[in-house]
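A.B. asks: Spelled out, the chains give:
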Amino acid sequence: MNGFAWFKAFCEYLEGCTSEPPPGVGKLASGWARGLWWGVLLGAIILFCGQTSKFIYIDF
Amino acid sequence: MKTHSKSRASVLQTPSPPDLGGVCQTDALRKRKRFFVALGVALALLVGYNAAISHTARTSQRQRALAALERVPANTECVFLGNSLVEAGCDVDAFAAAWPQAGHAPAAVNLALGATTPVEHYLILRRAYERGLRPRILVYGFFDDQLNTTVAGDWSDLVGNRAFSYYFPERAAELYAPGSTLKRWELEFTGRVPMLAERSSLWTQIELLRRRIDEVGMPKHKTNRFGRVDDFGALEAKDVASFNRRCAAIVDGDVGFSRAIREIVRLAQEHGTKMVFVEMPMPSRHRDVFYASPAWARLRAHLEQLASTDGAAYVSASAWVRDDAAFEDATHLNETGAKFFSARLAATISRLSARPNDVARR
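These protein sequence lines are chains A and B, in that order. Everything in the first sequence is counted per my numbering, starting at 502 for the first residue and increasing by one. Everything in the second sequence is counted per my numbering, starting at 285 for the first residue and increasing by one.
So that you can see chain A by itself, here it is in the shape it has in the complex:
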């Protein structure tokens, strides 16, 4: 299964379209992968949560 097919199967598994996860998903359930996932999500939130701030002065 190539990368794209794997990703497609993974998305289908996530959305409930299929009940069987693609091979290797078990690794994503490890503590390391989950920690990385939540850490990256936190980072994304930190980066983009300031969109409502009114930036008149920009610190170039």
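Some hints could be false.
Claimed, not checked - Pulled a few chain A residues facing chain B out of the computed Cβ check, cut under 10 Å:
id	residue
1	Ala-506
2	Leu-542
3	Phe-549
Said to hold, decoys possible - Derived DEER-like restraints, expressed as beta-carbon distance ranges:
id	chain 1	residue 1	chain 2	residue 2	range
4	A	Ser-554	B	Lys-317	55 to 61 Å
5	B	Val-573	A	Thr-553	25 to 31 Å
6	A	Pro-522	B	Arg-494	23 to 29 Å
7	B	Leu-313	A	Met-502	21 to 27 Å
These aren't lab readings, by the way, just hints derived from the structure by calculation. Heads up, the beta-carbon is just placed ideally off N, CA and C, and yes, glycines get one too.
Once you've looked at the hints, dock chain B against the given chain A.
C.D. replies: Frame of chain A; chain B shown alone:
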């Protein structure tokens, strides 16, 4: 020996039930371990983010201003303080060159910081005094009703250069919410976490990215050293009516200087510094729209009275720069304008030094 053989046989004959308790325990342990590993990784990433943000913020204007504050020569005699109007408008070299007694100009430094309020100005001044500075003259530039307006210091307010308040949480809290332990804790805690205190360092980068994307295939917005030129019109009052209402409310209510300004005045008095309030130059549009109203004339008289009561001088310089080409946007002087204004300010302040509590109009 016999007993042993019997029991062994019994074990072989009777199938033991599956050890469900052990399986569950192992499963729970595995889940717990997985949870703590995930938590550890996420926390490690958070620590990494904090380190990165702390590093990025080192080059921010506020941190550079703080570093510059630590290097100000002890023999400084004149300090310029305020927001970006002063930062852009006060040229220290032009001020010294235009001082009437050549060679006797007070050693001046511009400690103004853009996008700040009197609270941050107070923090800057207090730090300067703590460092041993004993200036003779403090020039405080302002516009509109900045001297009387109460400054908010909520979570949404303290971004950008206003994050300077997090560097001195106890003092800042006393100005935002006097006597509030909660406010002090809030500022102290936030100030210790770069991801919170310096959050706008990252947001700024995202904002710049958004602006770049926004301009793809579109005409570019005109920018200057502070931001987009058009945005600075937003700093002015919404309309004349609301501006007049604000002015009238201050005069009719006999509202004094804001707490932060009073603290600045007190600090200056304690250290024997002559304080000079300066109405910063404004382009003709601002003067014609806002400063031509009777409400502003009344507020100006009120401010002059307040300054005089506090033993400070008041310089009405809003109309000193008549050429709009000397402004780079709706409020800030450009380099040429700053030189012209600073030279005239030197002449005026040199006269004021000789005549305390004076009010300069033209």
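A.B. asks: For each hint, tell me whether it holds in the structure or not.
C.D. replies: Each hint tested on the structure:
Nearest Cβ of chain B to the Cβ of A/Ala-506: about 28 Å, over the 10 Å cut. The hint is violated. Because the smallest distance between the Cβ of A/Leu-542 and any Cβ of chain B comes to about 9 Å, under 10 Å, the interface hint for this residue holds. Nearest Cβ of chain B to the Cβ of A/Phe-549: about 6 Å, under the 10 Å cut. The hint holds. For the pair A/Ser-554 and B/Lys-317, the beta carbons lie near 40 Å from each other, so the given range of 55 to 61 Å is not met.
Between B/Val-573 and A/Thr-553, the C-beta spacing of about 29 Å keeps the proposed range 25 to 31 Å intact. At about 36 Å, the beta-carbon gap between A/Pro-522 and B/Arg-494 misses the expected band of 23 to 29 Å. Checked against the given bound of 21 to 27 Å, the beta carbons of B/Leu-313 and A/Met-502, roughly 33 Å apart, lie outside it.
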